[in-house]
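**Student:** Residues per chain are reported as follows:
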Amino acid sequence: MSEQFEPTIIGFTCNWCSYRAADLAGTSRMKYAPNVRLIRMMCSGRLDPTFVLRALSSGADGVMITGCHPGECHYIEQNYKALRRFLLLRRVLAGLGIEPERVKLVWASAAEGARFASETTAFVEEIRKLGPLNWGKTDDRQQTMDDVESSVVNRPSSEMEVPA
Amino acid sequence: MSEKIGVYVCHCGTNIAGTVDVKGVAEWAAEHLKHRGVVIGRDYKFMCSSLGQELVENDIKELGLTRVIVAACSPHLHEKTFRTACERAGLNPYLCEMVSIREQVSWVHTDKVAATEKSKAAISGGVERVIHNEPLEPIQVPIHADTLVVGGGIAGIQAALEIADAGYHVCLVEREPSIGGHMAQFDKTFPTLDCAACILTPKMVEVGAHPNITLLTWSEVEKVDGFVGNFKATIRKKASYVNTDSCTGCGICWEKCPKKVVDDVFEAGMGIRKAIYRPFAQAVPKYPVMDVENCTYFKNSKCKACQLFCPTEPNSINFEQKDEILEVQAGNIILATGYDLFDATRIPQYGYGKLPNVFTSLEFERMCNAAGPTEGKIVLRDMKTAPKSVVVVHCVGSRDENYNKYCSSICCMQSLKFAHLVMERTGAEVYNCYIDIRTPSKDYEEFYKRVLEEGGHFIRGKVAEITDAARIPEEEGKLIVQVEDTLIGKQRRIPVDMVILSAGLEPRHDAKEVGKLFGIACGASGWYTERHPKLDPVATMTDGVYIAGCVQGPKDIPASVVQGAAAAARVLGKIQQGVISLEPIRASINKDQCSGCRICNGLCPFNAIAYIEDDNVSDINPALCQGCGTCVAACPAGAISGTGFSNEQIIAQIDGLLLRNLEPAGV
Amino acid sequence: MKQYAYYPGCSLESLATSYNLSTLEVAQTLGVDLKEIKDWNCCGATAYFPVDELLAHTLVARNLALAEKDGLSDFVAPCSACYKNAYFTNAYLKKDPDLAEHINYALEADNLHVNGTMKVRHLIEVFIEDVGLDEIEKKITHPLKGLRVAPYYGCQLLRPRKDQENVENPQFFESLLSALGAEPVDYPSKTRCCGGSLIITNRKAALDMVHILLQDAVNRKADVIATTCPMCNVNLEVYQGQVNREFGTQFAIPVMYFTQLMGVALGIKPEKLGIGKELVSGEPVLAFAY
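Chains as they are written, first to last, in the working numbering: chain A, 1 to 164; chain G, 1001 to 1667; chain Y, 2001 to 2290.
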C-alpha cells in the first residue's frame, strides 16, 4: 500500500435509483475507489441527519448521500426532503467546525452506473485532500457522541425540518 | 449476545473469489465477529445453487441459527432466494440479510487486499444490522370487489367491460355527457380503415346496458380516500337538468332549443350544438345535458322551450336539479382519462387560428366523419370548395424541443390515413412533410406502402412556416408551406389549398391535480408514471391504482385496448386473491411518545399519516404507507419507527461498517 | 424618475444619427431620463463574435462595467445588435464564473470590474413596459390616423428568447403602433432577418432577403416600414434601388425608426427627429399627422 491517506467513507443509497446505479456499475465492471461502504435505505428521505453525524463521529472521514434525481423519486418527492436536510446539515457541520465538504449529495438514476462510479472516485479524492477527520478516534468518543446526540438529535431535528 | 448468526460467503465462481479472499473473509467473520454472535462462517462456490441454499437450511436446523448473512451478489438479485430458504428451514425470512460483495466489491475493484478488507467491513455492517432485525409478517388487507374506472374512452370502456364480464361490479365515471372519448370523434381507424363508430358503438351500448356497470357520465371524481382494497371515492354528478327516469332521449328538446353554441369539445369547433344537447347521435347514455353557461333560461330567466316541448309524462326537464355528491367504494381504481390535443396556436408560424385553411387533425377527423359538420365532405373553411392540393404536417408539437420532446406515436399513421382519405375523396395532390416515418406495428408499414403507391408525396423535412404571403403569381391565394426537403437538400415552397396539422398528444391539462387526487405521479413529460416502464406498465407506485391508455403515454387504439384489458386483468387478479399481502416495510408511530406536533403529516406523499385530534397524536395507516422512511427521519420525538429500517438497524450498520464492533464493547 | 444608462452604439453616431436624435427627443418628451455612458466603445457588432468570442465579450463587458460604475440598474440600447450582444454577454458572465474572471482580468487594465448586475434592455421595451402604452397614448397630439405601418422587428430584437415571449409572432410593436393611432399591418415577415452584414459579403443573398421584406410590406399595403435597428433600416432603405434593379421591381417605400413615428405622433418637429435625411422620402408619412 502506498503511504497516501486512504479515507473511509460511508455511502447512503436509496433502494430504487442509486443502489441500482451501484449495481449497474458492478454489472458493467466499472472501476472506482474502494473507500466507500454502502448502506441501503428505502429512500434518501429516510436519511436522518443523525446518521451522518454518527458516521463521522464513529470514524468515517466523509459521507456520501445518494438518491434518485429530483422528479424521479420512487416515493414521488421525498428526495427533495433529503436535499433540504442536506443543505441544513451542511450548515450544522460548519457550526461544529467540520468541513461541510465532507458530506456530499449525488443524484444517480438506476441507469447512471458510470456517474455513480465517477462521483465516488471524485469524492474519495476530495476527502483525501481534506485529510483524516479524526473525530471519534480519541478516547472520549462516547462523550463526543453524547454531546452530538444531546445537541443535535433530540431537539434540532425539528428545526432541521422545513415544513412541506 | 443471544443471537446465533451464520455468515455465508459466496465465490460466485471466480466472480467474487477472483478479487476477494472469500475463504479468508469467512474465517475472519467466524473469528473476529464471534463476540457479536457469529457461530459459523462458511464460503461456498455458488450460494444460490440448491446445494448452497441447503447449506443455510441445514445450519438453521442443526446449529439453531437465529440470523443469517449471505455475502454474495446484490440483494436485488437473490434476497428473495435466501429469505425463502430461511423460511423453509423455519426461520422468519426477514431475519436474513444480504451483503453485496459482487456488484459493490469484486466487480468494481481490482486491488485484492482492499477488496477483501471492504468485504469484511460490509459483512461486519450486515451482522450488526441483522442483530436488530425483527421477525416480520406480510400485512394482510381484504379487497373490496368493486372497481372504479375513471375515464370512458376506449381504454376505460375495455377495462370496465372485462371486469364486468368477469362478474364483478364496476363504476365507470366520465366527465363528458357521453362515453366514447376521442375514438368516438374519429371517422376511420388505421390501418384497416374500418369506421370508428361501427366498432366502438356496440361496446358503448354494452357498457350502458351491462348489469355489472354503474355508468356515471357528466361526473367527476373530487376526492379519494382509503387505500388498496378499500378506496372511497367522492364523485360529483353534475346537474344535467334532465330527469333520466322519464327522459326517452327523443331529441325534441334540443330540436326546439333556440340557442346555438359552437361545439368545441366533440366537434372540435367545427360544428354547432344547442344549449341542451347530446354530443352525438350514438351517445351513451342517450340523455341530453344542459349547458348552463349558454342556456337562455339560466341567463335571463326566460325561454324554457325545452320544458315546454318535452313530450314525456312527467316532464323530464327539471330546472331545479342540483349537483349530486355520491360516494363509491372500490377495491381498485383504473385511471383512463386520456389526452388533450396539442394546441396548435402555440406554434404561430404554422398559422393555425389565423390562416383559415389550416386545420388540426381533430378538425379534419370531424370533417371526414359522415356524421360530422360537412357530412364527410373534405372542403376548405368556406364549407364548399374542395381542395386541389393538401399538405399534412407531421410532428406538430411533438419531437420539438420547444414544445414536447417525445414522439406522439400516433401521428405518422394518422397522417397517412389523412393522406389516403384526401386522395380517395378529392383526388387532390397530398404532400406529407415528416421528420421520420414511424410505422412499427402490425400492418402499419404495409399501409404506408399503400399510401406511397396511391401517389402520396413525401417530403422529409420539418415545416418551417406556413404563410399566405405570396412571392410569385402561382402562390397568390394559396397557403405556402416552406420546408427544407432534406433528401434533396433544397428549400421548397409548396403552394397548396389546405394544410392539416397532425397535432401531437399532450397529458390532460389537469393531469397533475388528478394524479395528486389518486396519489400517483407524473413523469417529466407529464404522463403518469407506471410502476415499471417495461415489466409493469399498467400498475403505479400506489397499490391498487392502475393506469390504461394515453394517460400513461401516447398510444393508438389497439395499444389502449391492450392496456385497458391488462389493467382489468391485474384488478381481477387482485379481486380473486380476496386479501393481499403487502411488504411489511412500514413506519409506525409510538403513541406514547408522539407529541402531536404534526411535522410528519405534511411529509407523506401518500397521505398515510393522519392526525387524530381526540388523542392529540398522529397515526400511520399501514396499508397506505409505502415505507420510504422520511417521517421516521423527521420525527423530533423519535416516536416513529420503521419496520425493516429502524434507527437501531442503521446506526448498528454504520458502526459495523466502520468496524467499531471489533473493540470489546464498553471500554 | 429613474435614470437609464444609455448606450447609443456606433451606428447612431454615423449613419443612424436620425435614430439618435429621435430617441433623445422622444425620451425627453416621455420623461425617460437617458444618461449616456461616458467613454463607451463599439460592441463588436455582428462581426467580432465569430472572430474571437472572449475578446468580443470583453469589449461588450467594458460598456456594462462603465454602466455599473455609474450605479445605474438598466442598460438601454436602441440598436438591436448592440442590445443582443450586451444581453448575452451580461447573461453569460453571470452564468460562467470562468468567463467573468477572464473578462475582469482584462478590464483591470482599465480599472474596471463587471458583475453582470445590469438589466439589459432594448429601447422599445423601456417605452412599452416602463412608460406604458396608456401613458404614451395620453401624450399623443398628432395621432397617425390611417397610416398603415409594417412593424419590422427584425431578428436580433427577439433573440434573447425570454420566458413566455412569443418570438415567432410577437405583438408588442403592433400595440405600440396602435397607441400612436397608426394601423399596424399584419406583416408576415416581421421577424425575418434583413440580411444584416451579409449585404457586404454576399450581396445577392442579402438582396434576396431584403426583396422579400419589401415585397411583403407592399403586398400588405403598408405606407411605411418601422424599424428598431439601424442595420435593418439601412438594408431596407438604402438597398431598395439595388433590389429594384436586380428584381425589376419599383419599390419606393419609406423606412423609418419607430422613434421617428413616435416623435411625429407626439408632435415633435420633423427636423428635430432627423426626418428629411432619408433616401426614400418620409414626407408621405407626415401627411397623416399634420
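Hints are computed from structural coordinates only; laboratory data are not their basis. Ideal Cβ placement from N, Cα and C applies to all residues, glycine included. Any given hint could turn out to be false.
Capping the alpha-carbon separation at 30 angstroms, the derived lysine-lysine pairs in DSSO-like fashion look like this [said to hold, decoys possible]:
| no. | chain 1 | residue 1 | chain 2 | residue 2 |
| --- | --- | --- | --- | --- |
| 1 | G | K1512 | G | K1238 |
| 2 | G | K1223 | G | K1256 |
| 3 | A | K31 | G | K1256 |
| 4 | G | K1478 | Y | K2221 |
| 5 | Y | K2094 | G | K1490 |
| 6 | G | K1405 | Y | K2095 |
| 7 | A | K129 | G | K1112 |
| 8 | Y | K2221 | G | K1405 |
| 9 | Y | K2204 | G | K1462 |
| 10 | G | K1478 | Y | K2095 |
Covered stretches of chain G, as calculated for chain Y (at least 3 residues, CB under 8 angstroms) [said to hold, decoys possible]:
| no. | stretch |
| --- | --- |
| 11 | 1236-1250 |
| 12 | 1465-1472 |
**Student:** Hint by hint, note whether the structure agrees.
**Tutor:** Taking the hints in turn, this is what the structure says about them:
1. G:K1512 / G:K1238: 22 angstroms, holds
2. G:K1223 / G:K1256: Between K1223 (chain G) and K1256 (chain G) the Cα gap is close to 38 angstroms, so the pair fails against 30 angstroms, i.e. violated.
3. A:K31 / G:K1256: 78 angstroms, violated
4. G:K1478 / Y:K2221: 18 angstroms, holds
5. Y:K2094 / G:K1490: 40 angstroms, violated
6. G:K1405 / Y:K2095: With a Cα-Cα distance of about 25 angstroms, the restraint between K1405 (chain G) and K2095 (chain Y) holds, given a limit of 30 angstroms.
7. A:K129 / G:K1112: Cα-Cα ~24 angstroms, so holds.
8. Y:K2221 / G:K1405: 40 angstroms, violated
9. Y:K2204 / G:K1462: Since the Cα atoms of K2204 (chain Y) and K1462 (chain G) sit roughly 26 angstroms apart, the hinted pair holds (cutoff 30 angstroms).
10. G:K1478 / Y:K2095: 46 angstroms, violated
11. 1236-1250: violated (count 0)
12. 1465-1472: holds (count 5)
The structure is inconsistent with the numbered hints 2, 3, 5, 8, 10, 11, although it conforms to all the rest.
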